[in-house]
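> Protein sequences appear in the order of chains A and B. If you're matching positions, the first sequence starts at 106 in my numbering and goes up one per residue. If you're matching positions, the second sequence starts at 106 in my numbering and goes up one per residue.
These aren't lab readings, by the way, just hints derived from the structure by calculation. Among these hints, one or two may not hold up.
Straight-line distance between alpha carbons at most 20 Å, and here's what the computed EDC-like set of lysine to aspartate or glutamate pairs gives [what the hints assert, rightly or not]:
no., chain 1, residue 1, chain 2, residue 2
1, B, Lys-664, A, Glu-383
2, B, Lys-208, B, Glu-188
3, B, Lys-646, A, Asp-583
There are 2 protein chains.
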Amino acid sequence: MDIRKLFLDNPWRKRVLFGDKKVGVCQVELTPTRLKDGSCRQNKPVRIYDNCGAWADPNFHFDTSKGLPNLRGDWIDERADTEVVGTLPTSAKNPFGGRKIRKAKSGCRPTQMAYAKKGIITPEMEYVAVRENLALINELESEMSPNAPRDSLFIQHEGSPKRKGFEITPEFVRDEIARGRAIIPANINHPEIEPAIIGRNFLTKINTNIGNSSMASSIDEEIEKMLWAIKWGSDTLMDLSTGADITDTREWIIRNCPTPVGTVPLYQALEKVGGIAEDLTWEVYRDVLIEQAEQGVDYFTIHAGVLQKFLPIASRRMAGIASRGGSIMAKWMLTHNRENFLFEHWDDICDIMSHYDVSFSIGDGLRPGAIADANDEAQFGELKVQGELCKRAWNFDVQVMCEGPGHVPFQMIEQNMENQLDWCAEAPFYTLGPLVSDIGAGYDHITATIGGVMIGWKGTAMLCYVTPKEHLGLPERDDVREGVVAFKLAAHACDLAKGHPASQYRDNVMSLARAEFRWRDQINLALDPERAEEFRMRNDKEFTRDNAGMHHCTMCGPKFCSMRASIEIKERFGQNTPTEE
Amino acid sequence: MDIRKLFLDNPWRKRVLFGDKKVGVCQVELTPTRLKDGSCRQNKPVRIYDNCGAWADPNFHFDTSKGLPNLRGDWIDERADTEVVGTLPTSAKNPFGGRKIRKAKSGCRPTQMAYAKKGIITPEMEYVAVRENLALINELESEMSPNAPRDSLFIQHEGSPKRKGFEITPEFVRDEIARGRAIIPANINHPEIEPAIIGRNFLTKINTNIGNSSMASSIDEEIEKMLWAIKWGSDTLMDLSTGADITDTREWIIRNCPTPVGTVPLYQALEKVGGIAEDLTWEVYRDVLIEQAEQGVDYFTIHAGVLQKFLPIASRRMAGIASRGGSIMAKWMLTHNRENFLFEHWDDICDIMSHYDVSFSIGDGLRPGAIADANDEAQFGELKVQGELCKRAWNFDVQVMCEGPGHVPFQMIEQNMENQLDWCAEAPFYTLGPLVSDIGAGYDHITATIGGVMIGWKGTAMLCYVTPKEHLGLPERDDVREGVVAFKLAAHACDLAKGHPASQYRDNVMSLARAEFRWRDQINLALDPERAEEFRMRNDKEFTRDNAGMHHCTMCGPKFCSMRASIEIKERFGQNTPTEE
């Protein structure tokens, strides 16, 4: 795989850095519009939230064995509340052995939540504030071209929920984190990440799941999937590996991933006891937590809300316990006739995570795996427990998000969000879909975006992608692209629906490019410019993305075109309109 | 293309006929479940609404030059209110010349609405009643297996809107048609169709657009797209051809299409005047209407609601007039400074259509083509006019549906449905998406399913599919498949969300198959069994759809599997569970 080409093949989309924190943004250069009166309107570049980190920097080494630069290294050092407690073991299968391991100094809690509660604005908070603003709002502050068809491209729709203020300030970020309404997953042992914020008052984020199994994939394939996820816009990445080389695979991923990385530590613990759920112990699990926290995992999915009392209910379900983590713990509880040890050791877990600023993603082990099981007593019972666990984690200053369903029919989705906001005290919700039907196998990325937009509109902070392979097999590289782009689209639709102050800017610029036949701009503003270009060229061999003056396409042909007619109509009403080249 | 193979490659999905009307249904045969106690549960076949007509009959001739059998021929004859008025002209490019043309006898209106208003239940009404019931409800009347995990697989969710009754009766169908709330598009010159009903109290339908342009495609390619649309489940088909052989292409399609066929007659009228919108006349247009009505087109999109007064508003839009028909009429009105001749001749048009039972699909020529233009004065102004036109058409006993948007952000979709129900007196709504963002180029089938489920939940009767090529080029055969399956999924999600009494049955059977590792059943119950099988096999080479006993997949591998653990949990709670083979 030519990584340089993967990230740098489009000369009109470039990474630019802003401010003293060097916040990376993707800048899309637009073509000018030539008008009938002979003048020319320059179209300002559009800045898009960028997830690629140094991979989009033409001066980067592009060598996965060397890893990413340590953007946060100095920030962590300067806080002087952590210390080096050892070095990572060396391994023949990864070149990152010997890296220093950091941990909180005794009595310290180096978490973003602890700082936020104390009123401290960290560099991470400053970074995300610039990042959330710059990507979208920058243009709005600039003077609009006098030739633009409206005074401002930004329109606030009636009925959209208003935000507190137009601009995301570092203080707003701090306040949201202190309240538990948003998190910046950022392990002190993962200084390579570009901080991202997850919360319902920020841009909706998406998560990509990758990971091998005992039956498929290798370290190289997983690294490739990770890079593809980043390229197409993934905001966070979960490594769900259960197969060979589990520790080395994770190390390669963490050292090369510019976004937060999450895991389900239970998967590795299960491998350590030979795949026998009933052989799991707290001690085995605890050691895995520490190993992964030392590596730099930014958030852990922990299925502590699956309690004994819910199992009889779950056993009567159509699809039982679809969550892997949930079913592992259920099996353990039934064998030992004891309460979930993750629940019993919750405070111990919080204590460990507070030493590294690992965030919780409290698992929904009883999420419905079938439409028939949606919103049942098992699911909502667990959600209430998730809420209690949230509040206990906050007592340790550990950042928390809650995981949500699952298979839920469209009309029952809203209830999930309402209950979560209520029971989990507004901790960010992070859902898998929901999938609005059970019969979409092969197309479940679509089934899941439909439900995802509904729940995102109502306040979900992050959507976990689903790929077309869901229910059928492990996703491969191309499935990652399908899933990530579909969910970028869904997340954007959520931002529009929530009335995010600036999210419509990109749609408006796109629509104007469409109305003015600026094909290159249409392609570069699309979520997947490569596919847009490929499709545009398919039955129109003369087309290239540089050929901006071609005023027709295969849909109508050269004779009559509704977009060209619309230009004539505008002209009839006295507007200065684009001209053919 | 091997048409026989296209329709008959799956031995477990068969067309079966019910009742004296020989209503075709797709029957999916399931594998039995072997239980731990040694017994075996037979899983009853699932019947699915079938759109394939004789193409799914193994005894059919499979020759597109011979066309489909005339299912409705006798029904039309027996009503004795129509007469043969001529024969279709012969053509070197199609073998169907010389076919007899029917028209109403003087003073007669042979429309389903006219019959319904008189209290007559037609064979078409009886057919759709059986079809809507059989596909889904049949199983519910049968005794559920005593081993099934619930008393009934059908669950009525709280908050679902209740329907009048459980069963669709012919009288209910008649009443809905008489009220204008549903239509059976069924031209007396298209006796080949299997009648389908479009209305919000019935299963949500989907429409497929095909058609050539002057730049792409041939008759053969369009026939192939038509057959693909039918195979994947399209309920109606629009031929939007604007290129060469426009009449012959339509003739081939109508004679071979088992679903209703719609057109935009304005496209052919424009070709007749050399593509010059201002040269259009009522006389040219009228002749096209009659030609197409005589061929057997079942519904016409007519952009009569685009009035002069809306043009100044539309000229200030971001994307102007995105509808091709709307922009043609706008250009004509501006050139002649006269009102839309389709509006002025509305009664003449109604009169013509009442002679053949062609249904209206009143076009939304001012549908928004950009998020920024959604729900504006031009769009809603036209919708009110559409409502007036509806009522005038009903005076002629002509069946009507209304077309709807377009590009609309998610939170503004509901208002469209509310206004349409109010202003158009509950005439069926038929929408294009809506697309919830402008930046999805290459993935706009997804952008459109998201909005489609929202508006379908609120009452839209039919969703027009959108393909991944939308905004980029004409769809090809594979795009038709992507679009149709995505929209079948969306329509099903709408039915679930509306609480359609039996739509959850298929999800439940699928989920039970999933929980019991009946892989062949999972594949055959999916909306696209071929893709499900292909994906399942991709990284699991040993898998075949006959290999139902393979109790793991590449997702978890053989060691621990949540679905297998769920079976163990059910067993712990005393249930008789499936066993490994």
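> Checked against the structure, which of the hints given earlier come out wrong?
As far as the earlier hints go, not one is violated by this structure.
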